[in-house]
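**Student:** In order, the protein sequence lines correspond to chains A and E.
According to this note's numbering, the first sequence holds residues 425 to 897 in order.
According to this note's numbering, the second sequence holds residues 6 to 492 in order.
None of these hints come from the bench; they were simulated from the model.
Note that this is a predicted model, so its numbers are computed, not measured.
Do not take every clue at face value.
Stated by the list, open to error - Derived DSS-like pairs: lysine-lysine, alpha-carbon spacing no greater than 30 Å straight-line:
1) A:506 to E:297
2) E:297 to A:665
3) A:663 to E:455
4) A:755 to E:297
5) E:297 to A:515
6) A:711 to A:883
7) A:678 to A:726
8) A:799 to E:89
Stated by the list, open to error - Selected chain A positions facing chain E (Cβ under 10 Å, derived; list incomplete):
9) 626
10) 631
11) 750
12) 754
13) 768
No residue lacks a Cβ here, since even glycine has one placed at the ideal position from N, Cα and C.
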Amino acid sequence: MIQNRNLNEIQKELNSGKLLLVDAVKYYLDKISSQKHLNVFISVFENDALTRAEEIQKKINSGTAGKLAGLVISVKDVITIKDKLHTCGSKILSNYTSVYNATVIERLISEDAIIIGKVNCDEFAMGSSNENSYFGAVLNPVDNSRVPGGSSGGSAVSVAADMCMVSLGSETGGSIRQPASFCGITGLKATYGRISRFGLTAFASSFDSIGIFGKNDYDIAAVLEVISGEDEYDSTSAKEKVPEFTVETGNNIKPGEIIFGYAKEYFEDGLNEEIKNGILKKIEFLKNKGFEVKEISLPHSKYVIQTYYILTSAEASSNLARYDGVRFGFKSENHSNLEEMYVNTRSEGFGAEVKRRIMLGTYVLSSGYYDAYYKKGQKMRRKITEDFENAFKEVDYIISPTTPTTAFKLGEKNDDPLAMYLNDIYTASVNLAAIPAISVPAGNDSNGLPFGIQIMGKKFDEAGLLKVSKLFI
Amino acid sequence: MKEILQKYEPVIGLEIHAQMKTKTKAFCRCSTEFNAPSNSNVCPVCLGHPGVLPVLNEELVNFILKMGLATNCKIKERSIFARKNYFYPDLSKGYQITQFETPICYGGYLDIELKDDTKRKIGITRIHMEEDAGKSIHDFSDDESLIDFNRCGVPLIEIVSEPDIRTIEEATTYLNKVKQLLVYLEINDGNMEEGSLRCDANISIRKKGEEKFGTRTEIKNLNSFRNVADALEAEFNRQYEVIESGDKVYYTTMTYDATLKKTSPLRSKEEAHDYRYFPEPDLVYVEVNENKLESIKNELPELPEEKKLRFKKDYLLPDYDINILVQDKELSNFYEQVTSNLATKNEKTFKTSSNIILSEVLRVLNDEKIDLKNLKLKPVNISELIGFVSRNEINNNTAKDVFNEMFTTGKNASEIIKEKNLIQVSDDNLIIEIINKIILENKSEADRYKSGESKLKGVLVGKIMKESKGKANPQKVNELLDKLIEN
Ligand SMILES: [Zn+2]
Numbered sequence: 425m426i427q428n429r430n431l432n433e434i435q436k437e438l439n440s441g442k443l444l445l446v447d448a449v450k451y452y453l454d455k456i457s458s459q460k461h462l463n464v465f466i467s468v469f470e471n472d473a474l475t476r477a478e479e480i481q482k483k484i485n486s487g488t489a490g491k492l493a494g495l496v497i498s499v500k501d502v503i504t505i506k507d508k509l510h511t512c513g514s515k516i517l518s519n520y521t522s523v524y525n526a527t528v529i530e531r532l533i534s535e536d537a538i539i540i541g542k543v544n545c546d547e548f549a550m551g552s553s554n555e556n557s558y559f560g561a562v563l564n565p566v567d568n569s570r571v572p573g574g575s576s577g578g579s580a581v582s583v584a585a586d587m588c589m590v591s592l593g594s595e596t597g598g599s600i601r602q603p604a605s606f607c608g609i610t611g612l613k614a615t616y617g618r619i620s621r622f623g624l625t626a627f628a629s630s631f632d633s634i635g636i637f638g639k640n641d642y643d644i645a646a647v648l649e650v651i652s653g654e655d656e657y658d659s660t661s662a663k664e665k666v667p668e669f670t671v672e673t674g675n676n677i678k679p680g681e682i683i684f685g686y687a688k689e690y691f692e693d694g695l696n697e698e699i700k701n702g703i704l705k706k707i708e709f710l711k712n713k714g715f716e717v718k719e720i721s722l723p724h725s726k727y728v729i730q731t732y733y734i735l736t737s738a739e740a741s742s743n744l745a746r747y748d749g750v751r752f753g754f755k756s757e758n759h760s761n762l763e764e765m766y767v768n769t770r771s772e773g774f775g776a777e778v779k780r781r782i783m784l785g786t787y788v789l790s791s792g793y794y795d796a797y798y799k800k801g802q803k804m805r806r807k808i809t810e811d812f813e814n815a816f817k818e819v820d821y822i823i824s825p826t827t828p829t830t831a832f833k834l835g836e837k838n839d840d841p842l843a844m845y846l847n848d849i850y851t852a853s854v855n856l857a858a859i860p861a862i863s864v865p866a867g868n869d870s871n872g873l874p875f876g877i878q879i880m881g882k883k884f885d886e887a888g889l890l891k892v893s894k895l896f897i
Numbered sequence: 006m007k008e009i010l011q012k013y014e015p016v017i018g019l020e021i022h023a024q025m026k027t028k029t030k031a032f033c034r035c036s037t038e039f040n041a042p043s044n045s046n047v048c049p050v051c052l053g054h055p056g057v058l059p060v061l062n063e064e065l066v067n068f069i070l071k072m073g074l075a076t077n078c079k080i081k082e083r084s085i086f087a088r089k090n091y092f093y094p095d096l097s098k099g100y101q102i103t104q105f106e107t108p109i110c111y112g113g114y115l116d117i118e119l120k121d122d123t124k125r126k127i128g129i130t131r132i133h134m135e136e137d138a139g140k141s142i143h144d145f146s147d148d149e150s151l152i153d154f155n156r157c158g159v160p161l162i163e164i165v166s167e168p169d170i171r172t173i174e175e176a177t178t179y180l181n182k183v184k185q186l187l188v189y190l191e192i193n194d195g196n197m198e199e200g201s202l203r204c205d206a207n208i209s210i211r212k213k214g215e216e217k218f219g220t221r222t223e224i225k226n227l228n229s230f231r232n233v234a235d236a237l238e239a240e241f242n243r244q245y246e247v248i249e250s251g252d253k254v255y256y257t258t259m260t261y262d263a264t265l266k267k268t269s270p271l272r273s274k275e276e277a278h279d280y281r282y283f284p285e286p287d288l289v290y291v292e293v294n295e296n297k298l299e300s301i302k303n304e305l306p307e308l309p310e311e312k313k314l315r316f317k318k319d320y321l322l323p324d325y326d327i328n329i330l331v332q333d334k335e336l337s338n339f340y341e342q343v344t345s346n347l348a349t350k351n352e353k354t355f356k357t358s359s360n361i362i363l364s365e366v367l368r369v370l371n372d373e374k375i376d377l378k379n380l381k382l383k384p385v386n387i388s389e390l391i392g393f394v395s396r397n398e399i400n401n402n403t404a405k406d407v408f409n410e411m412f413t414t415g416k417n418a419s420e421i422i423k424e425k426n427l428i429q430v431s432d433d434n435l436i437i438e439i440i441n442k443i444i445l446e447n448k449s450e451a452d453r454y455k456s457g458e459s460k461l462k463g464v465l466v467g468k469i470m471k472e473s474k475g476k477a478n479p480q481k482v483n484e485l486l487d488k489l490i491e492n
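Only chain E is shown next, with the shape it has when bound in the complex (with noise of 0.2 Å):
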C-alpha cells in the first residue's frame, strides 16, 4: 500500500449511524431495551398494522441536538421526516421513516488531532434522524427466515461527514472521536460490536495533486474500527488496481469480508433501488425554537475538549496522562473520584493518582478483560492507597505490590500494609544504622564510592534497601549515605 500512496490518495467520507438511548423507540412507546425476548418490544404502531400512525418521541429530538450541538451543527429552525420506501421483510411499513431533504442538523465539523500532532478539520455535512428496522434471522432453517421487530422502530440518528479524509488512520481517528462524543453525551452506548453504533463507508481514489474526485463506492455495515480500517485499505486497493488496470470505478455498494479480507458488490446496477422518498404526511413539522435550543445547551455535559483544559489547570497533569484519562469518560471519572477522596490534594498526588490509574488500573482490566464499572475495587480504596505514598509511608514499587494485593484479595490498603508490616522506615537512627552496618561490611566499594566511583552509590544503596526489606524510606537513605561516607 505504502508505493500506492505516493502515487494515490484516498478520498473517504463516513456516515456513521448511532442507536439512540432513549427509553422509548422513534414513534411508538415500545422499550428499546437490548436483548429482551423476541418480539416482545412490538405494537401495532412499530408492526405497522392498518389506521396506525408514527407519533415522534421529544427526547430522540433532545438527544439528535445535543450531538449537533457538540459536532459544531447548524440547527434547522423547521424541518421534516421523509419515507424511503423500499420492501425487505423487516421493514415492517414498507418504508423507513427518515429524514431526507431537510436534515435537522447540517453544516459542522470536528477537529482531529493525529498520532503525530497534526490537526484536521472534518466536516459534517448532515446528522438527520431515522428508524432501524427488524432483525432478519436467515440461519434457522433452509427454507424459512425468521423475524425479530424488537429493533423496528428503534431510533437512529447518522451523521454524515463530508469527504474530507486523507487516510485511514484520519478516518478511524474521526470515528474514534464521534464515539466518543456520543458516550460523552449519553445518547449512545459506543458498542460497535453489538451494533448500537454502525459505520458505512465512502471511499474513492486520485492522483496525487488531482483536485476532481474519482468515483466512489459505498461500503456498508463496517462493525468495528478493525473492519472500517481494513475495508478501507482492501477497497483503495481494488479501485488502485481497476484503475491502474485501465479500467472505470463505478458506483456500486459493497460488502466487506472480514476473513477473506476483500470487499465485493452488494447488488448489481440493475438491482439498485429507487428509494421514491417522500415527504412523511403522517408527521408534522419538527419545530426547534431559541428556548428549546438553549435549554439543550444548559444540558450539555462537559465535553472531552473542555474536560482537558480543566484537567491541565485543576490537576497540573502532564498532556500525555491527560489525554489518556479523558479518551474514555468513565476512566477520567475514575480518576477525580480518586483524587476528590484523597487526603492530601496536591501537584504529586494528582500525579500519583493518574500514575496509578494509567499504569496499573488499565493493565489489571487489560489482563482480565473487564470494565471499568465491572472493577471491584472502588476509586475510594485508591485514594487510600494513594495516601500511604504521599506521607511517604510506602515507596512506589510497595504501592504497585500493594495494588495487586488489593485486586487479587480484594482487602483495603492499610489491611494489607498493616499485615505485612510495609510502612516504611523514615526514623534516621534505624536507618542511620542499617547504613552503618553495610558500610562496615561492604569497607573497599565504600572507600571507592567516596573517592568518586559514583556508580558505587547503586549498589550501597541496594544493599540498604535489601536489608530493610525494601522498607527504608529511599530518599532517607540516599541523604543520609552521603552524609555518612563524608565522615
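Chain A extracted, bound-state conformation (with noise of 0.2 Å):
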C-alpha cells in the first residue's frame, strides 16, 4: 500500500483520508519485527511512534500539518535524541542515554517526522562493512551472507528493506555512499557544513557529515530541506541559503545546460569489471542523450586512502578521548588507581578497529611525527581539494563508480584492514575536498548484487546533484 510512494503521494492518501497515518507507522513496525535476523535496529520506538502519529494525523486532519507529516525515518546510532539509548554501536556507550537531540532531531521532529528508531552502524562509524559493531553485524538484504557495507549500514538496510522510508547516516568517508551502493539504494552526502553536526558523535571532525538514505530523490529532497542550515549551535555550519530542495529537483536537467566529466583516475586498477561497464554505459547513455562527457583528471587521487586515513585518525584520537568512564557510560571494575580505570576502560570499552584508529592518530600527532605525517596530510589535502576546484572549473558533475567491487562476504576482509580501507577509494576524495556527492543505484552484477553510480558536485549544489541523480532512474 506504501511501498515504493514517495512522500508526496503518501501526503495527498492521507490528506485525503485514504491512508492512516498510524497504518503506515505499523506497515514499517511489522517490517521491522519479520526482519529481525538482519539485526538492523538497536532501538525500536514503537510505542513513542504509534503515538506520534495519532498526533500527528490530528494535525492532518485539521491542515496543520508540518512538512514531513508522513514521513517515517530511522536515525544511525551515532546522532543524539534525547533520553534514548545512544551506543554508537560500543560496548563503552552500551549503557549511556543521551541527554540532549541533535539539531537535525529537533528540526526533524518540528516538522512532524515519525523517528521509528535509531540503526546498528559500524562502531564509531569507523569501519565498511558494518561488522565493527558491539552489537553485530547488520546483513545485507540481497544476499544475506554479505555485508551491506558500512559505516551506515543499518541505515541502508533500514531503507532497502523497507523498514522505514529515509534513514538519517552519517560519513566521515564514504558511509553513505558506499552502503547505498551495495544495498541499491540512494545515498546522499551533503556539503560539509550544509547540515549542522550538533549531536552526530564525532569521529573526524573536518569531515563528518550527516547524510541522507532513501528510494527517491524526493525524500531526500524534502528530509534534505528541513534538516539543513545555519545552526548556532555548530560554528562550522554554513551561512549558505538552503535552496526548496523538493521545488528544485521537481525540474528536468536538459543536455547543454550542463558539462559532465569523468577522472581517469577512477577508471584503474583494483575495479571490478563488471562495475567498469556499468558505469561506462551511464557515459555512453548520457552522451547518447546529448550531454556533453568530457575526460577529466583528479592527479592526487592515489594519496586520498592515505592523507584520508591519517587525518581522520588523528581527530578521531582527540574525539574519543571523552570516553573515559569518568563521567558516563562502560567503567571497567577492573581497577585500583586512575591509570588503570583508564586503560581497562579503554581497552574493555573499544574494538579492534576503534584501537587500531586510536592507536595510529595519536601516533602521527605525537611530536617528532607531527610534520611527517599530520602536517603533510594537510598540505595533501589541499592539493586533493584543488584537483576538484580545477576540474570544476571545466564541468559541473563529476560521475564515477562509488564503490570498486560490489558487497563482500561476511568475515571476507575481517583480517585485512587495508584491504577494508580501498573501498573507500572513490568516496572519501569527497569527504576531504568537502563537497557533495550522492550514488545512486546504477545496475547489478552478474550475482545479482547492486552497484552505484556516484555524482559528485560543486559545494552546496545539492538540488543539482538530486536533479541529475533523477537521469539515472
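Hints given; two lone chains; assemble the complex.
**Tutor:** Below, the structure written as C-alpha cells:
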C-alpha cells in the first residue's frame, strides 16, 4: 500500500483520508519485527512512533501538519535523541542515554517526521562493512551472507528492506554512499557544513557529515530541506541559504545546460570489470541523450586513502578521548588506580578497529611525527581539494563508480584492514574536499548484487545532484 | 642570596593565567558564577557529552583584545584554536581548547617602575585564549575523588612574558602591573587567593655578564605575590647549588611548597606529556577586522598611565599621592567621588582630600581588614568633612578625630562637630582675650620670647590652644600672638 511511494504521494493519500498514518507506522513496525535476522535496529521506538502517529494524524485532519508529516525515518545510532539509548555501536556507550536532541532531530520533529528507531552501525562510524559493531554485524538484504557496507549499514538496510522510508546516516569517508551502493538505494552526502553536526558523535570533525538514504530523490530532497542550514550550536555550519530542494528537484536537467566529467584515475586497477562496464554504459547513455561528457584528471587521487586515514585517525584519537569512564558510559570494574581505570575502561570498551585508529592517530600527532604525517596530510588535503576546484572549472558534475566492488562476504576482509580501507577509494576524496556527492543505483552484477554510480558536485549544489540523479533512474 | 647575586643573575619569564569575568563560559552558555553549588553550572557541552560542539563566546574575544591593546600587543587578523590533548578526570573532553601556533595577541610590552624609580620594559610574547578545567577534590575520602565541573570551560587568558625579568622585585612589579590592568579593564577580579589569577614562573640562572640563557625550570601554580617571590628565590638558590656542585639544571616542571619554602619536581621526565597539539576542527577562525578593533579601542576605559597624567593636571597632586591613589582603581574612583562633592574645589582641598584618604581611609581599611566597597562611610561624607577644614572651621587634627568618630558611629561630620562644639574660634577678639590671659599668666616666658628666644613661641601657642580647648584657629593664634607681644 505504501511501498515504493514517495512522501508527496503518501501525503496526498493521508490528506484524502485514504491512508491513516498509524497504519503506515504499523506497516514499518511489522517489517522491522519480521526481519530481525538482518540485525538492523538497536532501538525501536514502537510506542513513541504510534503515539506520534495519532498526534500527527490529528494535525493532518485539521490541516496544520508540518512539512514531513507522513515521513517515517530511522536514525543512525551516532546521532543523539534525548532520553534514548545512544550507543554508537560501541560497548563503551552501550549503557549511555543521550540528554539532548541533535539539531537535525529537533528539526525533523518540529516538521512532524516520525522517528521509528535507531539503527546499527560500525563502532563510532569506523568501518566499511558494519561488522565492527558491538551489537553484531548487519546483513545485506539482497544476499544475507554479504555485508551491507558501512559504516551506515543499518541505515542503508532499514531503507532497502522497507523498514522505513528514509534514514539519517553519517559519513566521514563514504559511509553513506558505499552502503547505498551495496544495498541498491540512493545515498546523499551533503556539502560539509550544510547540515549541522551538533548531536552527531564526532569521529573526525573536519570530515563528518550527516546524510540521507532514500529510495527516491523527492524523499531525500524533503528531508534535506528541513535539516539543512546554519545552526548557532555548530560554528562550522554554513551560512549558505537553503534552497527549496523539493521544488528545485521537480525541474529536469536538459542537455546543453551542464557538462559531465569523469576522472580517468577512477577507472584504473582494482575496479571490478562489471562495475566498470556498467558505469561506462551510463556515460554512453548520457552522451546518447546529448549531454557533453569530458574526461578529466584528479591527479592526486592516488594519495586519497593515505591522506584520509592519517587525518581522520588524528582527529578521532582526540575526539574519542572523552570516553574515559569518568562521567558516563561503560567503566571497567577492574582497576585499583586512575591509570588502570583509564587503560582498562578503554581497552575493554573499544573494539579493535577503533583502537587501531586511536593508536594511529595518536602516533601521527605525536611530537617528532607531526610534521611528517599530520602536517603533510593537511598539505595533501589542500592539493586534493585543488584537484576538484580545477576540475569544476571545466565540468559541473563528476561521475564515477561509488565502490570498486559489489558487497563482499561477511568476514572476508576482517583480517586485512588495508583491503577494507580500499573500499573508500572513490568516496573519501569527496570528504577531503568537503564537497557533496550522491550514489544512485546503476545496475547489478552477474550475481544480482547492486552497485551505484557516484555523482560529485560543486559545494552547496545538492539540488543539482538530486536533479542529475533522476537521469539514471 | 645577596652574595650569590653578585655572581649569578636570574632570567625570569612569567605566564599569568587570568580568569575572564565573562557572563558565560568560553564555549557554552553556562554561567561562570563563582561559588555556585558543585556541578550546577554545567551542560552537555562543557561536560563533553557525545555529539556536542563548542561555540566561541564573543565576549571573550572582546576581553582579550582589550588586554592586548592595553599591553601594546599586535593583533592577529585571523587566529585559530588548537587542542591540547591529555587525560585527567577534571578535563571533560580529554583535551583543552587553547591557542597554540597563532595566539590572537602577540609582540607587546609593559613598562614597569621599580622602587628606586628606574624603569624597565618587559616584553610580552603573546596573550591567548583558553578554557579552564574542572576541580578535583581529593580529600573527601581515601579511595575516591570528587570532581566539580563548574569551572570546566570558564575562559582564561594566558599572558606570557619574554624572559626579560632580572630580579624578584621586577617579577612582582610586573605581575602587579598586569593585575592592575586586568582590574582596570574590568575583565578579571585580580584575586590571586581565590585562583582567578594564577602564575607560572620560568626561571634560569646565568653567571653575571654571560649572554647565553641557562636551562630553565617552570614553577607551576603560584597563587600569591608572596609565593611568586619566595618560589623564585627558592628556585634561584636551588639552581645555584646545582650548578656550584658541578651538576646541570634540567628542564623540569616544579611545584612550590610554601610551608617548606622549597621547590621540587612535579613529575619526572618519563612522565613528561606530549600534548599532541593540532588545530581544533570544531571551531572556525577568530576574525578581527579594523572595525572591531576600532570599537574595542573606543570601549577601553582610562588606564593607569593616563589617569596619573590627568590627576597631575586636574588635582595638582604630588607624584607620591598620585601613585598610591591610581595603583588601585577603586581608590582612585573614591578619591574622585570625594573631590567631585567638594563645595570648594582648589589645590588645597584636593590635597586635603588626598591626605584624608591616604592616611585615614587606608588606615581604617587596613585595621579593619575590609575592602573599600565594604566601607560604610561614603565619599560625600568625607567631602563634607573636608568642607569644614577648607572653611577653617576645624583644623587638620580635629578633622582626624572627627573622621574616626564618623567611622565608628556612622554619624556625619556636621552632626559630630555640632554635638561636640568643635567649630574653631576665628573671632579675633575671642582669641586676643585668651592670648592676653596666657601672656599675663606666663610673664617670664612671654618676655623671653619677646627678647628673641623664638623656641618659646611653641610653648605659648600650646598653652593658648589648650586654653581654647583646641578650637582656636592656629594660624590666627600665631599671627595675633606676634602682634600682641610686639606691643
Ligand atoms: Zn556548559
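**Student:** Hint by hint, note whether the structure agrees.
**Tutor:** Hints and how they fare:
no., hint, verdict
1, A:506 to E:297, "39 Å, violated"
2, E:297 to A:665, "26 Å, holds"
3, A:663 to E:455, "95 Å, violated"
4, A:755 to E:297, "47 Å, violated"
5, E:297 to A:515, "48 Å, violated"
6, A:711 to A:883, "25 Å, holds"
7, A:678 to A:726, "34 Å, violated"
8, A:799 to E:89, "16 Å, holds"
9, 626, "7 Å, holds"
10, 631, "9 Å, holds"
11, 750, "5 Å, holds"
12, 754, "13 Å, violated"
13, 768, "13 Å, violated"
The structure fails to meet hints 1, 3, 4, 5, 7, 12 and 13 from the earlier list, while all remaining hints are met.
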